[in-house]
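Colleague: In case you want the letters, here they are:
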Amino acid sequence: MSRIPLSALIGMVVTAAYFLAAIFADVISPYGYADVVGNVWDPVSAEHWLGTDSIGRDLLSRMIYGGQITIFVAAAATVLAFATGAFFGFLAAVSGGWVDQVLSRLVDLLMSIPALILALVILSVLPVSVPVLIGVMGLIESTRVFRLSRAVAVDVAVMDYVEAARLRGEGTIWVIFREILPNALSPLVAEAGLRFIFMVLFISTLSFLGLGVQPPLADWGGIVKENKEGIVYGIPAALIPAVAIATLAISVNLVADWVLTRTSSLKGGRG
Amino acid sequence: MSDIKNPVLEIRNLKIEATSYPPGESPRDITIVEGVSLTLAKGKVMGLIGESGAGKSTIGLSSMAYGRGGVRITGGEVLVNGIDILKGGAAGLRKLRGKTVTYVSQSAAASFNPARKLMDQVIETSLALGVPRSEAEARAVALFEKLGLPSPKTIGNRYPHQVSGGQLQRAMTAMALCPQPELVVFDEPTTALDVTTQIEVLAAIKEAIRDTGVAALYITHDLAVVAQVSDEIMVLRHGAMVELGTAEQIIHAPREDYSRDLVSVRQVNHAQKPAEGEAVLKINDISARYSGLKFDVLKQVTLELAAGQTLAVVGESGSGKSTLARVITGLLPPNGGSIEFGGRTLSPSLKGRSKEDLRELQMIYQMADTAMNPRQTVGAIIGRPLEFYFGLKGAAKRKRVQELLDEIEMGAGFADRYPAELSGGQKQRVCIARALAAKPKLIICDEVTSALDPLVADGILKLLLNLQKEEGVAYLFITHDLATVKAIADKIAVMYRGEVVRDGGRDTVLSPPFDDYTDLLLSSVPEMRLGWLEEVIAHRKMDAGGE
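Chains as they are written, first to last, in UniProt numbering: chain B, 1 to 271; chain F, 1 to 547.
For the record, the hints were derived by calculation from the structure and aren't laboratory data.
This structure is a prediction, so every number in the text was calculated from the model and none was measured.
Virtual Cβ for every residue (Gly too), placed ideally from N, Cα, C.
This list has only true hints and no planted wrong ones.
Far from chain F, by Cβ distances over 12 angstroms, these chain B residues were calculated: (1) Pro131; (2) Leu194; (3) Asp257.
Computed beta-carbon distance windows for the label pairs: (4) Glu256(F) x Pro187(B): 47 to 57 angstroms; (5) Val13(B) x Leu350(F): 45 to 55 angstroms; (6) Arg178(B) x Ala412(F): 17 to 27 angstroms; (7) Phe514(F) x Pro187(B): 46 to 56 angstroms; (8) Ile30(F) x Ile117(B): 53 to 63 angstroms; (9) Ser124(B) x Leu350(F): 43 to 53 angstroms; (10) Gln101(B) x Thr345(F): 26 to 36 angstroms.
Full structure from sequences and hints, please.
Modeller: The following block contains the structure:
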């Protein structure tokens, strides 16, 4: 094993901290996420480490539960985006011909509409619940994954071993999962890290605009929205979730970068 | 040999190292070349010969004090005109490279800038050395003429894609000679060319060396080629010198066992078997073209192959021999004609073929590297056809995989390895085992030995012949290498521009009277004796650039 660079180490520690906080939210958060336990916008104190929010709930607890929702929604949407995007991308690359044309043009069509506007339009029609949010975000982002997976798979699909599999008589599913997927994995893994961060930003944006996670639940974007008036009075409550989003984004990026350089090494690493 | 006065190049006790990065281990230094010394006088040519990995290119580049990738010269001296260039620093090298020492690489097609005209590239170094443009161009034109390029006055105005591969290789030689160097390093300059083109380039290079009086290092893996151009030959193996001698001595009286092996390579031979059994493959009147092309790549090809026999399809690149393989396997449906296989008519496209058709028709590729999924183990690669065609699972599958590994002369323990952990010859053996696993009637071998070193290729050919004896499988053997054909074929079909120009039993095809093309092809195969090149050229009125 080569040594892990400092940047990746920092990224891993911070990412792990956020994920652990999200997983064990019930254990570590000092108060319930909806309990009013103080006055409006109490400053930082021993009871409330980050102060209280716009209606007197403990901000640290809100942040921990908010992180849980943010990370869960983003992760689930990323998984959905990759499952659909990568599958159809590989399918397009392996099948070629009209299958490729239909899928690729459909994706072009979807990508020509700005993602945020498309999401807002869809969510304003559908009931806004967490599963719907995940579905909409995942499917919109899957167009980006489709493009990447198709590009990667087209390169792999022309290799002789794929031709050998076809000559053997293997079906498309075997070719996709056994021949292409293992060889396309490393760019996809790195992309997954980046896509996760885009999902975090996406869900935060939607919540900030009011079409994301609905109260009393709140993700980080929602917490910014609830506390944004405080900024006028010099109260920093809205900045805390912003800082959380930024640090999570940077730390996941640091890890993804490292994964990418490691697995795409020409020295024969089998990531 | 060190008694030569004022040698152009003198290498003393060269040591070259590189850092290797084995997966999962810490990096370590490995020695690539050790203890190599040579002396080269003005106007002389030294051939460096060896298998891939022998360090011959590395030694060639060291005469310019250059190491590719992480390769470092860590010991010894490299003297050009008596000055140690390893101590000259960057400024010293700048004066040396491109002026005193120049380099001709293997693939001219990959080495030319496709966006610039040939002339600009050929005279680039001369201009950088301060030669006036008019004089540099005059030199280039003279070199074009000497190297036998067509219309030497205007060919410089063409772009690299507008000339053929052989012409490009000659233009590159002109590029190397244009600054009037004292030493030229030729790194496999004809390896990527067809035999009929190789001979012209070889003759041009030899003449240019003689006329300009430069010293040259000629690097190749083909002893027959190096014998034609070299005064002295150094045989290399694993980065060390095996033998150094005059070309005559190495060819006729090699002292070391390894040199003897190299000289006597391609001794694989077998008697032509009479066609007995039923025809396993009948190709009737096949024509084929790729979509978008306006002409047929295959024109009414008709061939027949009996069970247990080997049909060799020979031809230059572009003759349509690989297309023929694609048609037979069903990857490219033909636009005319039919294929009979084992008594039944094959569906033209892959989709219409039964599992049994697919099983009985297997294929082995030229590049074993890309023919195996790098993320599957050898056991998984060989095991898949067993599972797919015969439903073998678990212990039965493992047992059969081991039997197949034994058949290809690879021992236990290979089943868990990944392709990256195998040598080139071993990879090709695994591909053979994968084809055999299906118990086929016919295996299409597409240039299976051309990416391998001669000794390794010989082993593969022997293995294929043995397997044919045991399993009775027929081979359709596609190759451009006539030595391979002689070694393995029962029947031969010579292809030229999509047509079969000659076919029949091996001994008939290889005996006169010949048609023009077969004659050209056969006489172009380098023979391992001195003076062969001159004889052939004298026989053949060399048409300037007749490609």
